[in-house]
Amino acid sequence: MKEFIILAVVTFFSLLTYWLVEPFAHSQMHAHVESEGFAYADLPALTKEGNATRGADTFMAGGCIGCHNVQALGMETGMSAKDAASAYGVNPPDLSNAGAIYDAKFLADLIKNPAHATIVEHKFNDMRMHPMPAFYGAGGDDIDQEIADIVAYMQSIAVQAEEVTPTMAFENACGRCHAVRYTNWTQLGEMPNFKYKKDDLRFQADVLDYQDAVKAYMGKLPPDLSMYIRSRNEHFISTFIENPQSQLHGTAMPRTGVTAHSAEKVIEYMRMAGDPLVEERNETGKNVMIYMIFFVLFAYLWKRQIWKDLH
Amino acid sequence: MAHFEKAKSLNEWLDQRLAINTLNRVLAKEYWIPKDINFLWAMGMVLAITFGILLVSGIFLLMYYQPNVDLAFDSVNFTIMQEVGYGWLWRHVHAVAASVVFLIIYIHMFTGIYYGSYKKGRELIWISGMLLFVAFSAEAFSGYMLPWGQMSYWAGMVITNLFSMGSLELNGIVEWIRGDYVPAQAFLDRFFMLHVLLIPVAILALIGVHFGALRLPHVNNQNGEEIDFAVEAEKYKAGNKAASKVIAFANDFMSKDLFVVAVFLVFFFYLVFWNYGFAMDPVNFDPADGLVTPAHIYPEWYFLWSYEILRPFSKDIGLVAFAFAQVIFFLLPFLDRSPNAVPANRRGLFSIWFWAMLVDLIVLTAMGKLPPEGIYSTIGLVAALVFIALWIILPIITKLEKKL
Ligand code: HEC
Ligand code: HEC
Ligand code: HEM
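Protein chains in written order, with the working numbering: chain A, 1 to 311; chain B, 1 to 404.
Only chain A is shown next, with the shape it has when bound in the complex (with noise of 0.2 Å):
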């Protein structure tokens, strides 16, 4: 009996250290952000139904191809990532899935005013524009109808929505800007493994220009991804995906205005890279678990065997 009051005594103060460093200190330290479920609320409602018929029209006239590929459509602007990054600061992505990865609203709203969907207002003004135009219309009388035209179109050459893998979603929202060399991911795609030397250096010498290209356009070189799984939570990822200016007020980093879903597969992605073997250690854990109760048991066997005779 003393023994139980010693243990409960023992564990009481254990558990309200723990709870005091732990759980306690981190709410005091970091301000709590709750998730918006990626409804992007600030941005307007859509009022018009687009046509994909009309917005393949619409698209080409808007001039989007001009700066994105389109591979799925076999269109390409003939520029490098690299050149493209010296040109715009950074490559714009590939269209091709855009309509599946993006929430639709965003997208609307960013093709109106880049800087406004993407929060990043703060940077930009008259004499430093967005490297993204405004879309002013493609001569039809309804800017927010072709709006619409080109968004349908967008989601109509795309894969659907659950389609979307961890790969495709990271690589088109958040490829362009973040290395993450634990699953080989460099800006200019995944890095090759070469046969000469002199390859491999050529195309490091690549990254390492693509990266001052980002570098001076966003002020600093986004951070290596791989182990942020780890040094930041899945919630404040999922939030700060959500809206970066949430967390990290007046950074560099644009919203990226991915569906909750695509946000979902870019955090599985992150795991991939930081975090793989949790299967694995669940897994072993639960083993390890099984064994160790079966020690409990005949470590208690064994000393009530050798205690019977000291009572």
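Don't take every hint at face value.
Computed cross-link-like contacts, DSSO-like style, restricted to lysine-lysine with a CA-CA straight-line distance of at most 27 Å [what the hints assert, rightly or not]: (1) B:315 <-> B:120; (2) B:403 <-> A:2; (3) B:245 <-> B:29; (4) A:2 <-> B:245; (5) A:123 <-> A:105; (6) B:120 <-> B:29; (7) A:303 <-> A:2; (8) A:303 <-> B:241; (9) A:2 <-> B:241; (10) A:303 <-> B:29; (11) A:105 <-> A:265; (12) A:215 <-> A:82; (13) A:82 <-> A:198; (14) B:241 <-> A:308; (15) B:8 <-> B:29; (16) A:308 <-> B:237; (17) B:235 <-> B:120; (18) A:112 <-> A:198; (19) B:399 <-> B:120; (20) B:237 <-> A:303; (21) B:29 <-> A:308; (22) B:402 <-> A:308; (23) B:120 <-> A:2; (24) B:235 <-> A:303; (25) A:220 <-> A:82; (26) B:29 <-> B:241; (27) A:105 <-> A:48; (28) A:82 <-> A:123; (29) A:303 <-> B:245; (30) A:220 <-> A:265; (31) A:308 <-> B:245; (32) B:120 <-> B:245; (33) B:245 <-> B:403; (34) B:237 <-> B:29.
Quick caveat, the hints were computed from the structure, so don't treat them as lab data.
Just so it is clear, the structure is predicted and the values come from calculations on it, not from any experiment.
On the provided structure of chain A, position chain B with the ligands as indicated by the hints.
The following block gives chain B with the ligands in isolation, referenced to the frame of chain A:
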């Protein structure tokens, strides 16, 4: 040359050469332990086992770790955590054991304080124990440098800065310790050496001294009863084990220790697999960057109380208070002037002192992690003053204690 008979068995052969039977008798079969003890007396064995776990897991990590500022982070977080089969297991085991060992050390220390087990011939047990505490602290700190993450770097920066001795500005000492102006390759190399060689060797030696210091005074018991070990041992050996007040170290005491160790390991492995965050700070998963100071710099939880004794004061006073906190526990056997080596609850004012000290250390620990702002820094300051005051009044209140 000494005369050796031809041995009739392996046991005899070894006994002739190593006196294993004598050793077995003196250190195990007839090493008498009081019967009236509780599971807190198994904490020493839990510590020994945890140290063993640290040693074995550390050896596995050492096979892939790269002590180089450019490679260290990835060798831990990628090579060991992802590429090497079950490397993550060894890393989690090592990190969690390094943190949990301090929880057990603190329980072990407060057990000693509560039962007065540092008095009447047990002073050296206490002092060797405190040396172990210091050695473990150095081991934990040096180990924390190795992944070369943000907290490694900045904790290394902050702690080595202490050696400039405040206003004395002895920056030469700081540079000498770092081998550079800032923590860099030379710094990582020497902490690597300390962590994998010098300090573990010191710990092994200290454990030897600690165990040696226990043999003659024997361990204390739950009631502070003075036991005539010779008489009680005779009863035991005569077969009257139930009436004897002592048990043998092996297997009587060991069997209970093993049970407690087993229960502890269940708790330990639960932490290893499902709740390791407290032992592996998220901030340290960002690679070291000398240009970016983390928003909050704090040590691991077990150093927080002494950190908080440093922090609320001005630079120089803080350092003096910090130095005081580091050495004062060593002096406990001499500052406690009472003749009674009995549990604290029978010692009047000392009983209040005990719980006040425990609570104060927990308050300091909590405040050490919280940002030093507003009410938290006030509470921290008060708790630090209470800590110092408690040590100043200890000799007085124990002197007043009546002999029981
Ligand atoms: C002058 C070049 C240019 C033109 C024309 C252009 N864009 Fe962009 N676009 C960019 C750049 C540069 C970025 C990357 C901006 C950044 O990350 O800061 C971008 C980003 C995007 C993104 C990704 C936004 C995100 O949240 O990650 C989408 C989607 C997009 N553009 C769609 C379009 C569409 C649709 C059009 C045509 C109406 C278009 N762009 C026209 C340069 C251009
Ligand atoms: C146009 C470039 C760009 C894109 C696209 C981008 N980021 Fe960033 N990201 C940055 C920059 C720049 C920073 C550094 C921000 C700072 O420190 O102010 C950053 C920082 C971060 C951080 C670290 C935040 C912290 O606490 O320090 C995370 C996590 C992150 N990005 C995740 C993402 C994810 C996930 C995506 C894709 C959904 C993404 N980023 C897309 C530029 C970008
Ligand atoms: C970290 C490594 C340590 C190990 C491996 C260790 C091991 C042990 C063991 C096996 C015992 C005997 C069984 C028991 O009473 O638990 C013991 C007793 C003791 N230890 Fe430690 N110990 C360590 C650290 C410390 C520290 C830090 C202190 C305090 C300063 C300390 C103080 C004592 C005291 C006072 C006793 C005697 C208890 C009694 O007589 O009842 N030890 N230790």
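Given hint residue 2 of chain A paired with residue 120 of chain B - CA-CA distance at most 27 Å: holds (26 Å)
Holds or violated: residue 235 of chain B to residue 303 of chain A, with C-alpha atoms at most 27 Å apart: The hint holds at about 21 Å.
27 Å Cα cutoff - pair residue 399 of chain B, residue 120 of chain B: holds (16 Å)
Pairwise hint evaluation, residue 245 of chain B against residue 120 of chain B, where the allowed Cα distance is 27 Å at most: Answer holds: residue 120 of chain B to residue 245 of chain B is near 20 Å, not above 27 Å.
Straight-line alpha-carbon gap residue 2 of chain A to residue 245 of chain B, limit 27 Å: Between residue 2 of chain A and residue 245 of chain B the Cα gap is close to 18 Å, so the pair holds against 27 Å.
Restraint status (C-alpha distance of residue 29 of chain B to residue 241 of chain B at most 27 Å): holds (13 Å)
Satisfaction of hint between residue 237 of chain B and residue 308 of chain A, Cα-Cα up to 27 Å: holds (16 Å)
Pairwise hint evaluation, residue 2 of chain A against residue 403 of chain B, where the allowed Cα distance is 27 Å at most: Cα-Cα ~26 Å, so holds.
Straight-line alpha-carbon gap residue 215 of chain A to residue 82 of chain A, limit 27 Å: Distance of about 13 Å is within 27 Å: holds.
27 Å limit on alpha-carbon distance, applied to hinted pair residue 120 of chain B and residue 29 of chain B: Roughly 25 Å separates the two Cα atoms, so the pair holds.
Hint consistency between residue 402 of chain B and residue 308 of chain A [alpha-carbon to alpha-carbon, up to 27 Å]: Violated, at about 40 Å.
Proposed proximity, residue 308 of chain A with residue 241 of chain B (alpha carbon, max 27 Å): Judged against 27 Å, a Cα distance of about 10 Å means the pair holds.
Checked against the numbered hints given earlier, the structure breaks hints 1, 18, 22 and satisfies all the rest.
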